[in-house]
Amino acid sequence: MKMKLATLALGAVMAAGPALADLTFSSLSYRTGPYAANGIPFADGYADYFTLLNERDGGIGGEKVNLVECETGYNTEKGVECYESTKGTGALVYQPLSTGITYQLIPKATADGIPVHSMGYGRTSAKNGSVFRNIFNYPANYWDGASIAIKHLLDLNGGDISGKRVALVYHNSAYGKEPIRTLEELAKKHGYELSLLPVDHPGQEQKSQWLQIRRERPDYVLMWGWGVMNQVAIQEAVNIRYPMENFIGIWWSGSENDVKPAGEGAHGYKALTFHNVGSDYPIFDDIKTHVVDKGLAAGAGDQIGTVLYNRGLYAAMLAAEAAKTAQELHGTATITPAQMRDGMEALSITEEKMAALGMPNFGPSFTVTCTNHGGDGYGAVAQWDAKAGSWSLITDYMQSDQDVLGPLIKEDSEAYAAENKIEEQKFCP
Amino acid sequence: MLYREAGDFKTSYTDDGQTFPIKFDRIGYYVALIVAFAIVPFVINDYWVNAIFLPFLIYAIAAIGLNVLVGYCGQVSLGTGGFMAVGAYACYKFMTGIDIWIGGVQYALPPINIFFSVILAGFVTAIVGVLFGLPSLRIKGFYLAVATLAAQFFLVWLFNKWSWTYNYSASGQISAPERGMFGVPVTGPNTEAWATYLFCLVFVVVLALIARNLTRGSVGRKWMAIRDMDIAAEIIGVDPLKAKLSAFAVSSFYVGIAGALFFSVYLGAVEVGEAFGIQKSFLVLFMVIIGGLGSIFGSFAGAAFLVLLPVLLKNVLVSGLGWPTDLAAHLEFMIVGALIVTFLILEPHGLAQLWRVIKEKLRLWPFPH
Chain A
97 MKMKLATLAL
107 GAVMAAGPAL
117 ADLTFSSLSY
127 RTGPYAANGI
137 PFADGYADYF
147 TLLNERDGGI
157 GGEKVNLVEC
167 ETGYNTEKGV
177 ECYESTKGTG
187 ALVYQPLSTG
197 ITYQLIPKAT
207 ADGIPVHSMG
217 YGRTSAKNGS
227 VFRNIFNYPA
237 NYWDGASIAI
247 KHLLDLNGGD
257 ISGKRVALVY
267 HNSAYGKEPI
277 RTLEELAKKH
287 GYELSLLPVD
297 HPGQEQKSQW
307 LQIRRERPDY
317 VLMWGWGVMN
327 QVAIQEAVNI
337 RYPMENFIGI
347 WWSGSENDVK
357 PAGEGAHGYK
367 ALTFHNVGSD
377 YPIFDDIKTH
387 VVDKGLAAGA
397 GDQIGTVLYN
407 RGLYAAMLAA
417 EAAKTAQELH
427 GTATITPAQM
437 RDGMEALSIT
447 EEKMAALGMP
457 NFGPSFTVTC
467 TNHGGDGYGA
477 VAQWDAKAGS
487 WSLITDYMQS
497 DQDVLGPLIK
507 EDSEAYAAEN
517 KIEEQKFCP
Chain B
391 MLYREAGDFK
401 TSYTDDGQTF
411 PIKFDRIGYY
421 VALIVAFAIV
431 PFVINDYWVN
441 AIFLPFLIYA
451 IAAIGLNVLV
461 GYCGQVSLGT
471 GGFMAVGAYA
481 CYKFMTGIDI
491 WIGGVQYALP
501 PINIFFSVIL
511 AGFVTAIVGV
521 LFGLPSLRIK
531 GFYLAVATLA
541 AQFFLVWLFN
551 KWSWTYNYSA
561 SGQISAPERG
571 MFGVPVTGPN
581 TEAWATYLFC
591 LVFVVVLALI
601 ARNLTRGSVG
611 RKWMAIRDMD
621 IAAEIIGVDP
631 LKAKLSAFAV
641 SSFYVGIAGA
651 LFFSVYLGAV
661 EVGEAFGIQK
671 SFLVLFMVII
681 GGLGSIFGSF
691 AGAAFLVLLP
701 VLLKNVLVSG
711 LGWPTDLAAH
721 LEFMIVGALI
731 VTFLILEPHG
741 LAQLWRVIKE
751 KLRLWPFPH
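In order, the protein sequence lines correspond to chains A and B.
Going letter by letter, the first sequence gives residues 97 to 525 in our numbering.
Going letter by letter, the second sequence gives residues 391 to 759 in our numbering.
If you're looking for bench data, these hints aren't it; they were derived computationally from the structure.
Some hints could be false.
Below, computed lysine-lysine pairings styled on DSSO-like, alpha-carbon distance capped at 30 Å [unchecked claim]:
id: 1; chain 1: A; residue 1: K420; chain 2: A; residue 2: K384
id: 2; chain 1: B; residue 1: K551; chain 2: A; residue 2: K284
id: 3; chain 1: B; residue 1: K530; chain 2: B; residue 2: K632
id: 4; chain 1: A; residue 1: K517; chain 2: B; residue 2: K551
id: 5; chain 1: A; residue 1: K284; chain 2: A; residue 2: K247
id: 6; chain 1: A; residue 1: K420; chain 2: A; residue 2: K183
id: 7; chain 1: A; residue 1: K449; chain 2: A; residue 2: K420
id: 8; chain 1: A; residue 1: K285; chain 2: A; residue 2: K247
id: 9; chain 1: A; residue 1: K303; chain 2: B; residue 2: K551
id: 10; chain 1: A; residue 1: K260; chain 2: B; residue 2: K551
id: 11; chain 1: A; residue 1: K247; chain 2: A; residue 2: K420
id: 12; chain 1: A; residue 1: K285; chain 2: B; residue 2: K551
id: 13; chain 1: B; residue 1: K749; chain 2: B; residue 2: K400
id: 14; chain 1: A; residue 1: K420; chain 2: A; residue 2: K483
id: 15; chain 1: A; residue 1: K247; chain 2: A; residue 2: K260
id: 16; chain 1: B; residue 1: K551; chain 2: A; residue 2: K506
id: 17; chain 1: A; residue 1: K247; chain 2: A; residue 2: K449
Sample of chain A residues lacking proximity to chain B, with all beta carbon distances greater than 12 Å (derived) [as the list claims (entries may be wrong)]:
id: 18; residue: E341
id: 19; residue: G359
id: 20; residue: D472
All C-beta atoms in this analysis are idealised placements derived from N, C-alpha and C, irrespective of residue type, glycine included.
Let the hints inform the model, and build the full structure from the sequences given.
Listed below in structure tokens is the structure:
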């Protein structure tokens with residue numbers, strides 16, 4: 097009980113937060129812990145894009161951007177602390193880059209009226225905007241990813257994969273469990289056999305899973321991994337000489353940091369992606385001039401052009417475009433989180449827009465609507481070339497199987513609505 | 391001068407046996423209670439409650455619980471995370487209404503009030519704790535630690551595997567729906583800072599009082615006898631079976647309540663592997679060791695040290711000095727680690743012993759002779 101007094105004494109120090117800036121964005125990043133290898137490039141890309149906007153254009157719509165970074169370590173408790181501390185600074189949108197933290201923020205942020213953009217992660221059924229009013233997961237979600245991976249397998253096998261055996265190696269958490277429903281549903285439709293191999297956090301121990309794969313020799317292995325789990329899985333696959341071209345990771349299991357430790361052996365490993373790879377875009381020249389050369393690059397500045405850096409850049413671009421849309425919509429430069437939400441809901445990304453931003457053909461074009469917060473579910477497959485040390489897209493953007501996903505999303509979001517007593521149709525006309 | 395028992399006369403055994411026999415302590419205790427109940431609720435905001443007070447209060451309950459087992463009864467346990475998970479999942483089942491399937495027909499209890507759900511979760515955890523405490527009758531020390539470690543891994547595996555415990559949700563996560571007391575929500579997203587704070591505070595105060603009095607009474611003396619020398623204790627008439635299992639039951643009850651509050655009030659949504667992994671067991675054990683084994687005050691001090699120090703460091707380094715977040719996070723580990731080592735070298739019996747030494751000094755101050 098006496099500590100109460102001491103606790104209060106800490107207050108004087110803690111109450112002093114950063115001053116309110118014009119447009120505040122929060123970056124719940126993780127540069128430490130078992131997921132740092134993937135967290136750092138994303139956070140760097142996210143920060144560099146906003147630095148670029150500040151340096152080149154003077155911010156968004158004339159308002160400077162203030163990026164508040166908070167270290168979560170991929171830990172939900174720290175995520176809560178980060179959310180509460182950045183909420184006070186008036187953060188416009190949250191991108192926690194963690195499915196666990198996203199699940200936590202869904203009810204909280206909705207109650208606080210702050211939008212959350214879980215780009216390619218989080219709760220899949222948040223696509224249904226009439227239930228999840230403040231949550232966005234465009235341009236693609238896990239169920240799209242699962243469906244696109246199966247589509248790719250169908251393409252490889254001339255449209256028939258019945259009787260094939262597909263194994264899913266997944267992070268044993270909400271994140272890794274997300275695709276199971278879809279894969280089971282698709283197994284019914286296409287007739288493949290699905291086997292599930294969970295890997296516990298943080299994923300350094302996978303010997304038994306890969307022994308099982310070695311024994312059963314499934315035709316294809318899909319992976320939902322993150323952080324150190326990716327490197328370990330790819331190395332283990334190399335160790336058992338599993339054919340790498342039959343090993344497909346979700347977009348979170350397909351960065352340079354994941355394949356490089358396995359060296360030459362990782363050649364041919366495939367991963368999904370919902371945006372383009374490489375640094376052959378005009379925007380990277382601007383980043384060099386306005387960010388790197390001025391010594392303003394985030395982190396060590398050595399991640400530019402990597403897959404996850406590009407994804408951070410893409411996430412920041414979508415956030416900035418949504419802020420611009422909100423500014424136009426409400427006719428004010430200093431928008432509030434509620435106006436930001438409207439901007440996200442009215443967001444439309446077209447090829448012309450991306451080209452104007454120096455990112456031609458960087459991602460699929462899509463439009464967000466009140467009922468569809470998840471985009472159209474386009475993704476592509478990238479393959480790792482260990483000799484050249486680069487990723488390259490080997491397919492066009494393809495759309496996920498909306499006939500299967502639509503009902504699943506409806507079912508899951510309706511269950512959430514019933515559980516939390518949300519009236520659908522109230523928000524959307 | 392400031393702190394002395396001289397002149398503080400007691401005229402009855404009841405007076406002499408009260409919880410805080412020294413007047414200064416007693417006044418401090420009442421002041422702390424008044425501040426906690428009457429002042430803090432009016433001044434806290436969301437940040438204070440979610441980043442500081444809730445974790446502190448909840449970890450304090452868990453630390454008291456583990457202290458009963460490790461500090462008072464001398465049984466080492468590494469299963470705290472698993473037992474917290476039992477509390478959390480039991481609370482979830484109670485607050486959403488337990489469903490039982492018999493022959494394909496579902497029988498469901500109505501959802502139970504959150505306050506009673508938390509208490510019932512404590513009882514469920516107590517039962518589970520006793521089950522996993524049974525090996526303590528045959529093994530002790532490191533061997534018992536390994537047996538409780540098995541409980542930790544088994545329970546986490548169970549809550550990942552057994553879909554009934556998370557109501558068959560696709561993600562395996564449990565999320566607390568909105569529940570409240572007297573029409574005021576204490577779980578779910580629409581809570582007020584003061585409501586969740588007071589809800590947890592009531593549990594902390596009541597449980598700390600019970601723990602304090604349990605450990606001063608015959609039950610606690612039996613635990614301590616077992617801790618100090620189990621064979622001697624048995625010879626003077628302490629039943630090791632009852633003493634050890636009651637320590638496991640009481641300890642797990644506390645840890646279960648901490649787990650239930652951790653899930654329902656503090657986080658709102660948890661995933662068993664992430665929230666109740668082995669690191670949680672170690673964290674609570676560190677709180678107990680740093681705070682002081684066999685001390686209720688030590689449990690609070692240890693919880694405060696390990697919960698508040700990282701938050702304080704983060705705020706000083708990142709918000710105050712504007713350092714990069716990763717540098718601050720790494721420094722945080724180093725500073726907290728160095729402080730733990732320093733504290734334990736200077737005072738191996740923890741912060742509680744440090745406080746005791748200060749009190750001794752205060753009694754003589756300013757005339758040391």
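Outcome of the hint check:
Restraint check: the Cα-Cα separation between K420 of chain A and K384 of chain A comes to about 24 Å, which is no more than 30 Å; the hinted pair holds. Distance restraint check for K551 of chain B and K284 of chain A: the Cα-Cα separation of roughly 23 Å lies within the 30 Å cut-off, and the hinted pair is therefore satisfied. At roughly 16 Å between alpha-carbon atoms, K530 of chain B and K632 of chain B fall within 30 Å of each other, so this suggested pair holds. Of the supplied pair hints, the one linking K517 of chain A and K551 of chain B holds, its CA atoms being roughly 28 Å apart against a limit of 30 Å.
Taking the CA atoms of K284 of chain A and K247 of chain A, the gap is about 14 Å. The hint holds against a cut of 30 Å. A C-alpha spacing of about 21 Å is found between K420 of chain A and K183 of chain A, which places the hinted pair at or below 30 Å, so the restraint holds. Restraint check for K449 of chain A and K420 of chain A: the C-alpha separation of about 12 Å stays at or below 30 Å, so the hint holds. For the given pair, K285 of chain A sits about 12 Å from K247 of chain A by alpha-carbon distance, which is consistent with the 30 Å threshold.
The straight-line distance between the Cα atoms of K303 of chain A and K551 of chain B is roughly 20 Å, inside the 30 Å bound, and the hint therefore holds. For the suggested pair K260 of chain A and K551 of chain B, the alpha carbons sit about 26 Å apart, so the restraint of at most 30 Å is met. Restraint check for K247 of chain A and K420 of chain A: not satisfied, since their Cα atoms lie roughly 35 Å apart, outside the 30 Å limit. At roughly 26 Å between alpha-carbon atoms, K285 of chain A and K551 of chain B fall within 30 Å of each other, so this suggested pair holds.
A threshold of 30 Å between alpha carbons decides the hint, and for K749 of chain B with K400 of chain B the separation of about 20 Å falls inside it, so the pair holds. Between K420 of chain A and K483 of chain A, the direct Cα distance comes to roughly 41 Å. Violation of the 30 Å bound is thereby established for this hinted pair. For the proposed pair K247 of chain A and K260 of chain A, the alpha carbon gap of about 14 Å is at most 30 Å, so the pair holds. With a CA separation close to 26 Å, the supplied pair K551 of chain B and K506 of chain A stays within the 30 Å bound.
Note on K247 of chain A and K449 of chain A: the hinted pairing holds, with a Cα-Cα distance of about 29 Å set against a maximum of 30 Å. Listed as outside the interface, E341 of chain A is consistent with that label: its C-beta sits roughly 30 Å from the nearest C-beta of chain B, beyond the 12 Å cut-off. With a cut of 12 Å on Cβ distances, G359 of chain A stays outside the contact zone with chain B, its closest approach being about 27 Å. The Cβ of D472 of chain A lies farther than 12 Å from every Cβ of chain B, with a closest approach of about 22 Å, so its non-interface assignment holds.
Hint check: violations occur at hints 11, 14; the rest are consistent with the structure.
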